[in-house]
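Q: As a plain string of letters, each chain reads:
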Amino acid sequence: MAEDTWKNYKEKKHSKPSPLKGIRVLEVCTLVLGPSGPGILSRMGAEVIKCEMPPLGDTLRSMVPFGYFFREQSTSFFRPNPNKHYLGLDLHKPEGQEIFRELAARVDIIEENQRPGVMERWNVGYRQIKEINPSIIYISKTGFGQWGQYAEENRPSNDGAAQGMSGYAWMSSFPGQPPLKSRLYVCDSYGALMGEVAVLAALHYRDRTGKGQFIELSQSENIMRTMSWVWPYQHITGKGAMPAGNRDVSICPADTFRCADDTFLALAAPAPEEFKGLCIAMGMPELADDPRFEDHLIRLQEENAVEILRIIAGWVRTKTPEEVEVLAGKHGFVASRINSIKDVVENQHFRERGFVTEVDDPLVGQFLDYEFPVMMSKTPPRVHWTIRPVGFDNEYIMTHRLGKSEDEIRRLYESGALGKWADVRGRRPPSDWDGKAGLIMARD
Amino acid sequence: MAEIEDQAWDKWIRERDDPKIASTRPEALDDITVLDLSSNSFAGCYCSSMLSEFGAEVLRVESPEGDFIRTCTPYGMLYKGEGLNYLSEGRNKFHITLDLEKPQAREILKGLAAQADVLIETYKPGTMEGWGIGYEALEKINPRLIFASITAHGQFGPVSHPWMPDYDNIIQARSANQYDSGEMLPEGMSYAERPWAVPTKAGPWIGSVHAGTFMAAGILAALHWRAMTGEGQALDVSSIESYASMEDWAAIWYQGAGVVSERFGSLNTGGWLYCFAPTKDGAVFLGGLRLEMWQAFADMVGKWDEWGAASWKDMAPFSEKEQQLKWADLVFAETRKYTNEELIAMSVEYTKKGRLAPITPVVAPVCCPEETMHDENWLDRGIFTPIKDPVYGELVIAQAQYKMTETPIRIKWVCRPVGYDNEHIYLKYMGFGPRKLQELKAARII
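Chains as they are written, first to last, in the numbering used here: chain G, 7 to 450; chain L, 141 to 586.
It is possible that some hints are incorrect.
[Stated by the list, open to error] Cross-link-like lysine-lysine pairs, in silico, DSS-like; alpha carbons within 30 Å at most:
{"no.": "1", "chain 1": "G", "residue 1": "K19", "chain 2": "L", "residue 2": "K264"}
{"no.": "2", "chain 1": "L", "residue 1": "K242", "chain 2": "G", "residue 2": "K99"}
{"no.": "3", "chain 1": "G", "residue 1": "K19", "chain 2": "L", "residue 2": "K280"}
{"no.": "4", "chain 1": "L", "residue 1": "K160", "chain 2": "G", "residue 2": "K136"}
{"no.": "5", "chain 1": "G", "residue 1": "K384", "chain 2": "L", "residue 2": "K160"}
{"no.": "6", "chain 1": "L", "residue 1": "K280", "chain 2": "G", "residue 2": "K217"}
{"no.": "7", "chain 1": "G", "residue 1": "K13", "chain 2": "L", "residue 2": "K250"}
{"no.": "8", "chain 1": "G", "residue 1": "K19", "chain 2": "G", "residue 2": "K384"}
{"no.": "9", "chain 1": "G", "residue 1": "K18", "chain 2": "L", "residue 2": "K264"}
{"no.": "10", "chain 1": "G", "residue 1": "K384", "chain 2": "L", "residue 2": "K264"}
{"no.": "11", "chain 1": "L", "residue 1": "K264", "chain 2": "L", "residue 2": "K250"}
{"no.": "12", "chain 1": "G", "residue 1": "K282", "chain 2": "L", "residue 2": "K242"}
{"no.": "13", "chain 1": "L", "residue 1": "K493", "chain 2": "L", "residue 2": "K220"}
[Stated by the list, open to error] Just some of the chain L residues that point at chain G, by a computed CB distance under 10 Å:
{"no.": "14", "residue": "W152"}
{"no.": "15", "residue": "I153"}
{"no.": "16", "residue": "R154"}
{"no.": "17", "residue": "I172"}
{"no.": "18", "residue": "E193"}
{"no.": "19", "residue": "R403"}
{"no.": "20", "residue": "W444"}
{"no.": "21", "residue": "D445"}
Derived by calculation from the structure, the hints in this document are not laboratory data. In this text the structure is predicted, and so the values were computed from the model without any measurement. A virtual CB, placed ideally from N, CA and C, is assigned to each residue, including glycine.
In isolation and in its complexed conformation, chain G is listed as follows (with noise of 0.2 Å):
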């Protein structure tokens, strides 16, 4: 049985290898686009070193809700960047490039998400490091991607401009108001998910071949790409796809109902034994055998849906959610109130699947992450450490990753190639910090 194989699943995580193990991978990025990529790798046991211009390093490090720092650092910046290793590298100087190229010789995998022709004028882009290494997998993730119009004319982009261009926002939003900008950065977070489908299925094609490739993403292309019906519903029928709000269009019912209390409620019961124990709960057996609902795709019809969704919502409207939820599971179809961080973070069941899961750091203190949410029997992803100040692994990686000296590694500093953090929130270490705890190289 299935219990077998996930017996103890979270228990066992740390005694089992990763599924990424030996992969390095070297980023140049910033915001939640790029590092997210390589923090999915990073979960993955990719070894991932982060270069960061010092000594402020990734813009993420001051983005912060209503100006929340955590424990002194960025409170975005956790979940993006586990299980790396923090260089604070300039690559504006010719030596920091040199280290970069040194480094990218012996990685399998480089993110990177600048303007496009950046890393090419610091000497580090594709065309350059292919010539070092041919078999680098090579990722820039934009906003608009590495060609065509807007590209050119290096327009700048953020998850919020994506959620504009693509259509996405308009479609998130309630017929006849403003476009809806979603609170999730989603064309950030999907496109850097999106980015590692690309890189593992390249990381595949070199398994079987030995061979790299070169790979772009723009963060609202990847975006349109989960509209699905939206598109060939344009095209099909020469109308513009519209917002419906909470309702699902394509699902029916589907939708957010207000509960008696004034809490909200999201129900779904399109299958047809789902359909027929909703109205059974809501004491209208007869609805389920009325011409206009009993069937699916006749349900769906606009003036059928608007029809059985009010019907639906005076119901709820006398109901608590928990009322409904108990329905629901009685007869068959799915209810839920609309759970906020509290009810996600408290949840048993995530806590006992390992999915909220604890993180012990030895700079940051114990705190509560979310894990990989891939449960892999063999090769479980997760958490070992969390993020670090800009640079904080400088020694370990030129000493261990490069056998630098202790007088190349001082030349460096000297030059500016090499540097640590700004004495600012979010970039250097808790002030509590005893100086060694989290080093990999600490001296005594």
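Use these hints to put chain L onto chain G, whose structure you have.
A: Quick look at chain L alone, frame taken from chain G:
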């Protein structure tokens, strides 16, 4: 140091990764066979699409009456008999039928699994085991098999067995990502007056998409592990966990400060300047997360002196809620004076001639998808290139989301009706000729 070829980077790379030449290049996964058993699961279909785009031979296994997911289509609209969401995710897949309720069908499935690299399934946990085709049974037949399960709550844990069907709006609701998306309800107003100022889910099936894409990444990592060791394994995705994991700061904020993230409209709890702003003819996105970019915005709209931008030292005075609301009012009063096009032109102009040039704020139009689909930039980049399909005719579905020099993705066909490929696939994998197939059809096994 290696010499760069004379050709400009954008031209050089386009010659090598333009989707127009994709069909001339090799495919990354054309050595892989995938069995997609997903049942009423968009996540499963999307997952196998991620692999079929790279050339994997995906055998999409449906019950003889066809998967319910085919009926999940906007407004009940069918095109040549097919739902539009399914049309988008049938790409490059072979469609066969098999009634797994029947014991003989499960023996056939074992034969297919013995020859497959990956199996995707989305049944209620325990269902596959009950049929004798769970991971532990199939692993004995094929130790190299990667057995991938996608469900709402996963294969283990306290609530994995009470069954919850896996619909996108439920994933969004349970992940905490709907809770804090949406317009704020103004103080003193009720939901009856502002029915849109509520927790708001994303329109696209983003919850399902996350589950499918995470599983695709997991499958590919497992394929790499298998290349190293020869071993297959079981993979478990909970779609709710998948989408929950995309949240960036709320969980850390909650455990550190006890604050529950709430709705903040189209502003950004995570920092300023980062919002949608109303304009004369619509809305734009404004981005200026670094101080200089925010200063450049102030300068661009002629408020450098009045707002005292020269004296700003860092972003701290703009990050808290009340400050963001105050500044949003001031900023929106300016953006309302211009059209989208004017504001974008101003930012492009500022890159060249502004006081802080080349620094400029991000200004981007908020488009409806009709505008997106006709934008020359995306058309040029091959996202909406029409495909001529032998069954469905000319269609537009999103494609080419990554460009690659060696193994680009491609679409060979859009979709297939139920059981369309039974003859070819059962002959190829199981040696069933026309007579045997007829028998199995008559017995309603296929």
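Q: Look at each hint and say if it fits the structure.
A: Results of checking the hints against the structure:
{"no.": "1", "hint": "G:K19 / L:K264", "result": "holds, 24 Å"}
{"no.": "2", "hint": "L:K242 / G:K99", "result": "violated, 68 Å"}
{"no.": "3", "hint": "G:K19 / L:K280", "result": "holds, 23 Å"}
{"no.": "4", "hint": "L:K160 / G:K136", "result": "holds, 24 Å"}
{"no.": "5", "hint": "G:K384 / L:K160", "result": "violated, 40 Å"}
{"no.": "6", "hint": "L:K280 / G:K217", "result": "violated, 33 Å"}
{"no.": "7", "hint": "G:K13 / L:K250", "result": "holds, 25 Å"}
{"no.": "8", "hint": "G:K19 / G:K384", "result": "holds, 9 Å"}
{"no.": "9", "hint": "G:K18 / L:K264", "result": "holds, 25 Å"}
{"no.": "10", "hint": "G:K384 / L:K264", "result": "holds, 22 Å"}
{"no.": "11", "hint": "L:K264 / L:K250", "result": "holds, 19 Å"}
{"no.": "12", "hint": "G:K282 / L:K242", "result": "holds, 26 Å"}
{"no.": "13", "hint": "L:K493 / L:K220", "result": "violated, 54 Å"}
{"no.": "14", "hint": "W152", "result": "holds, 7 Å"}
{"no.": "15", "hint": "I153", "result": "holds, 5 Å"}
{"no.": "16", "hint": "R154", "result": "holds, 4 Å"}
{"no.": "17", "hint": "I172", "result": "holds, 8 Å"}
{"no.": "18", "hint": "E193", "result": "holds, 9 Å"}
{"no.": "19", "hint": "R403", "result": "holds, 7 Å"}
{"no.": "20", "hint": "W444", "result": "violated, 20 Å"}
{"no.": "21", "hint": "D445", "result": "violated, 25 Å"}
Hint check: violations occur at hints 2, 5, 6, 13, 20 and 21; the rest are consistent with the structure.
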